[in-house]
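Student: Let chain V serve as the given structure and place chain R on it in line with the hints.
There are 2 protein chains.
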Amino acid sequence: MAAPTVSKDLDGWFASNDKRIHDELFEFLRIPSVSASSAHDKDTLAAAAWLHQKLAAIGFTVETCPTAGHPVVVAEWRKAPAGAPTVLVYGHYDVQPPEPLDLWTTPAFEPTIRDGKLFARGSVDDKGQLWVHVKALEAHLAVRGTLPCNIIVVAEGEEEIGSEHLAQFIAQHAARLACDAVVISDSSMFAPGIPSILSSLRGLAYFEINVQGPSGDLHSGMYGGAVVNPAMALAHILSTFHDKKGRIAIKGFYDKVLPFPRAVLAGMKKLPHNDTRFKREVGVKALGGEEGKTTLEKLWTRPTLEVNGMLSGYTGEGAKTVLPAKSMAKVSCRLVPDQDPKVIEKLLKAHVKKVTPAGVTVTVEALHGGHPWRADLAGKIFDAATVALHAAFGKKPVIQGEGGSIPVVVDFQKILKVPVLLVGFGLPGENAHAPDEWISVDNFRRGLRAIATLWDEYTK
Amino acid sequence: MAAPTVSKDLDGWFASNDKRIHDELFEFLRIPSVSASSAHDKDTLAAAAWLHQKLAAIGFTVETCPTAGHPVVVAEWRKAPAGAPTVLVYGHYDVQPPEPLDLWTTPAFEPTIRDGKLFARGSVDDKGQLWVHVKALEAHLAVRGTLPCNIIVVAEGEEEIGSEHLAQFIAQHAARLACDAVVISDSSMFAPGIPSILSSLRGLAYFEINVQGPSGDLHSGMYGGAVVNPAMALAHILSTFHDKKGRIAIKGFYDKVLPFPRAVLAGMKKLPHNDTRFKREVGVKALGGEEGKTTLEKLWTRPTLEVNGMLSGYTGEGAKTVLPAKSMAKVSCRLVPDQDPKVIEKLLKAHVKKVTPAGVTVTVEALHGGHPWRADLAGKIFDAATVALHAAFGKKPVIQGEGGSIPVVVDFQKILKVPVLLVGFGLPGENAHAPDEWISVDNFRRGLRAIATLWDEYTK
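Those sequence lines, one after another, are chains V and R. Per my numbering, residue 60 is the first one in the first sequence, and the count goes up by one each step. Per my numbering, residue 60 is the first one in the second sequence, and the count goes up by one each step.
In case anyone wonders, no lab produced these hints; they're calculated from the structure. Virtual Cβ for every residue (Gly too), placed ideally from N, Cα, C. Treat the hints with care, as some may be off.
Have a look at the derived ranges for each label pair, beta carbon to beta carbon [claimed, not checked]:
#, chain 1, residue 1, chain 2, residue 2, range
1, V, P125, R, L426, 34 to 42 angstroms
2, V, A233, R, R339, 55 to 63 angstroms
3, R, A237, V, S274, 45 to 53 angstroms
4, R, K412, V, K310, 27 to 35 angstroms
5, V, S274, R, K101, 33 to 41 angstroms
6, R, R339, V, Q231, 49 to 57 angstroms
7, V, S274, R, P331, 45 to 53 angstroms
8, R, R339, V, E223, 43 to 51 angstroms
9, R, G275, V, V316, 28 to 36 angstroms
10, V, S274, R, D501, 26 to 34 angstroms
11, V, K344, R, A237, 32 to 40 angstroms
12, R, A105, V, S274, 32 to 40 angstroms
13, R, G275, V, Q231, 40 to 48 angstroms
The following block holds chain V by itself, in its conformation from the complex (with noise of 0.2 angstroms):
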C-alpha cells in the first residue's frame, strides 16, 4: 500500500499563504493575554477578540461568551452535507506569564524564528497549536468553498489557570456542543520527526500536610530529647510512602488501577526511548522509581506520590538550635485509570493517621485534584488521525502516554460523551511554561496539512 499524501489542493494552498499565515500568527503572539495577571485583563480579552475576528473572517459563526472569567470563544461552521459528523476543535488563547524576563533570549511578545524555530511566550502552547486548526478550516474553506464535517472551535481564555469556569460552561452548553468527536492540539510529538497520538493522561490529587508539635518554636538543648520534632516526624511520615521497590505503600492505592492494553504497553518498548540520553536531560546518574518498570511505563502508565515542597523551622544562613514548632509538606499523586482523587483523599488521610506519632498532630488537606484519562484509541477519528500524520509527517504516528494532566480532557468525554483525540506538535524541550518558548516551524507546517487532511480522511 502506498503511503497516504497531502491533497494536493490544500498542500499548494498552504504553500501559496505561507507568508501570511505566520504574520497572523505573529500579530496573535504579539497580544500578552496572561490569564493569571488581572493587570493583562485587557490584553486576554484583546485576543478574544482578535481570534473572534479571524473565525468570523473565514465564514464561521462567531459568539465571544462571556463566563464568570476570561471568556469563551465559540465558533460555529455548520453547512456540511447532510449525515456528515460534527467536531469540537479546543484550544486556548491565554498564555502563561512570562516571567522571568531576563532569562528570554528575545522578548517573549515579540515572535522571532532562529534556527528552525518559532520563539514566543504561547508559539507552542497554545496559540500556535490552536492556529493549526483556524488555517487548516481556512484552506478547506478557501480552496473547496466548504468543509467535509461540521466544526465547532472552542477557544477559552483560562487554561492556565486551572479552566475554572469550561466544565460548567461545558455542561450548560452541552446540547450546542454536541458532537462525535474533540480534537485537541495542546500537547507535544515523541521526538522531531516522530508523530504521536496522546494514549493517557495521569489524573492528579495535590495534598498539604501540615504537623504541629509544640505550640511555639523550642530551644533545642533545653528541649531535645523529651519533646516529639514536628520536622523528624513529618519525615519518618514521608519516608512510609514508599517500600523499598518503590511502589507507594498506601493501603489500597493500587487497588483501581486498570492493566494498560497490551497493544499500547507493547509500542511504548518500541518507541525510541534511550535512558542513558534521559539521565544526561535531566541530570542525574541513577533513576528511580518502582522497580521492574521501564521509564516509559514509570512516566505514563504508573500512579505516583512526590513531595512537591518541605518546610520547617530554621532555614536561614547558619545555625540556629530550635526544635520547631511545626512542619509543612506539598505532597501530590498523579493518577491512572481508574483511581479516583476523592478515593485517593481517603486513603492517604487513613495511612497518615496510622504512622503518625504521639506528640504531633497532623492534618491532611486536599488542595486539588483531577480524574486520569486513557484514550480508546478505537473508531473513526483515530484511525483518520494516524492516516493524516501519516501523511502530513511521512511516518506513522507513535501511541504515547503522557505523565501530565490536562483536566479538560476528562470534562469533555464525560460531559459530551465522545472520544477526545490528543494530537500535538510540540516537541520535547518546548520550553512551554518557562523562558524562551518554541515552536518547531516545520511541525508546525506539517501540523496545518495534517488537520487539514484529517477532516478529509474523517468523512471518507
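Tutor: Positioned in the frame of chain V, the structure of chain R alone reads:
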C-alpha cells in the same frame, strides 16, 4: 546541725543599700549593648566602660582589653592574705537583640518591676547576674575593707554571638587568669525557691545536609515516578537517624557516652519534676525521646539528634506540581561526655553516605560544634556553694543538668585546668532570649547574699 545563715554584717549592708544596688543595675540595663548589631557597637562599648568604672570604684584594678570583636573587661583584686585562693568570676555585659519589640509589655531597655519581676533585656542574661557578683564584692570591701580571697572578674561582650574571641583571650592571658576555681552565674535555678548547682551541659554538633537531585526543578507530572525526588530522599535519610525505641541509629554514636554518676541520677529522680505540667508548658499531649528514660534524664544526660530546619521545593500558597531539584535540612546533635563533635561529624557523614539512595548527591557540612561538660561536683568550691545557697535561700541546692550548651565553660576548664562552678539565679520561663525577659527580684536579693556568703565559706 543548724541551718547556715548569711552573715549579719553583709545582710545588713545589702538591706541598707538595696535601692542604690537596684538603681545602678537599672543604669546598666538601660544601655542597649546588643553585640549582634553593629549599629549598637557604641552602646556595647559604653556598657564595657560603665562596668569598668563601677569595678574600679569599688577598689579593683581594671583593664578593658581589646579583642578583634568587643572588648573583655578584666578586673583584679589581689590583696587577700598570703595563701588565700584566687577565684575567677565570669559574666557578660552584652545582650540579645530585643526584637520583636512589639511583644514587650514595657520597653526592653527601660527596666520595670511588676509582680516581683524585674523586666528588661539583660535582666537575667546576664547583666543582672553579673551585677550580683559585683555588688557581693562591694559588700565585702565596704563592710570589712577586704575580701577573703583574690578575685578576677572577666566580663566579655560577645557571649550572645558565640564568644568568638574568648577562648583565645583566655589562652593568651592564661598566666594572668590563673586561679583555683571559676564561678559563673548565667543560668537558672530548678524552680522558685529551689536553688541549684549545674552538674552538666550538653555539647553541640550542628550540620547542614544538602541533597541534589536533577539539575533543575522538573514538572512532577512529566518526570514523577522515574526521577528520584530529593525531598523524599531527604525524608528517608532523616527517618533513618532514630530507631523505633527513640535511640539514635548512627553506628558508634553512643560509644563514648559515659554513664552519669549514680548519685547524680538518683538526685535527679528526687527533683520535683512533673511531666503533666511539662507537657502543658510545652503544649503537647505526649512526650517523645528514648524509651525507658525519665524526662530529666533525656534532657540532661542523653545525647540527641534534632532537625532544626528543612526546606525543599514549593512552599507558598496552593499547589505547584514541581519535582524539586534539591532539598536541605539543618540537623544538630546535643552531646554528652565524652562525645566529641569531630567524631560525631565523621559518624554522621558515614551514616548519611550509607543510607543515601542512588540518583541524588548528598553533602553534609559541619556548621558549629561545642564539647559537652560535666562538673566534678567535689571540692571546696562546690561545698562552699552548697552552704552559701542554703544560707541565702533557706534550702539546700539541688544538682541539675542543663540541656543546652555554654562552650566557654569547657574553655575555662580546659585552659585553666580548674573546676567551674555554675550557679545561677534565673527561673524557668524567664524569656532569656525572648521579649519580656525578667529576673525575680527576690532571687536577685538572695543571689547577692549567696555569692557574698560563698567567699566566706570558700575560705573558711
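Student: Now, for every hint given, state plainly whether the structure supports it.
Tutor: The hints, checked one at a time:
1. V:P125 - R:L426: 34 to 42 angstroms: Check failed, 57 angstroms falls outside 34 to 42 angstroms.
2. V:A233 - R:R339: 55 to 63 angstroms: Hint holds: Cβ distance 59 angstroms, inside 55 to 63 angstroms.
3. R:A237 - V:S274: 45 to 53 angstroms: Cβ of A237 of chain R to Cβ of S274 of chain V: about 48 angstroms, so the range 45 to 53 angstroms holds.
4. R:K412 - V:K310: 27 to 35 angstroms: Given range 27 to 35 angstroms: holds, Cβ gap about 33 angstroms.
5. V:S274 - R:K101: 33 to 41 angstroms: With Cβ atoms ~39 angstroms apart, the hint holds.
6. R:R339 - V:Q231: 49 to 57 angstroms: holds (56 angstroms)
7. V:S274 - R:P331: 45 to 53 angstroms: violated (23 angstroms)
8. R:R339 - V:E223: 43 to 51 angstroms: holds (46 angstroms)
9. R:G275 - V:V316: 28 to 36 angstroms: Hint holds: Cβ distance 30 angstroms, inside 28 to 36 angstroms.
10. V:S274 - R:D501: 26 to 34 angstroms: Taking Cβ atoms as reference, S274 of chain V and D501 of chain R lie about 28 angstroms apart, which means the hint holds.
11. V:K344 - R:A237: 32 to 40 angstroms: violated (58 angstroms)
12. R:A105 - V:S274: 32 to 40 angstroms: Since the Cβ atoms of A105 of chain R and S274 of chain V sit about 38 angstroms apart, the hinted range of 32 to 40 angstroms holds.
13. R:G275 - V:Q231: 40 to 48 angstroms: holds (41 angstroms)
The structure does not agree with the numbered hints 1, 7, 11 stated previously, though it agrees with the rest.
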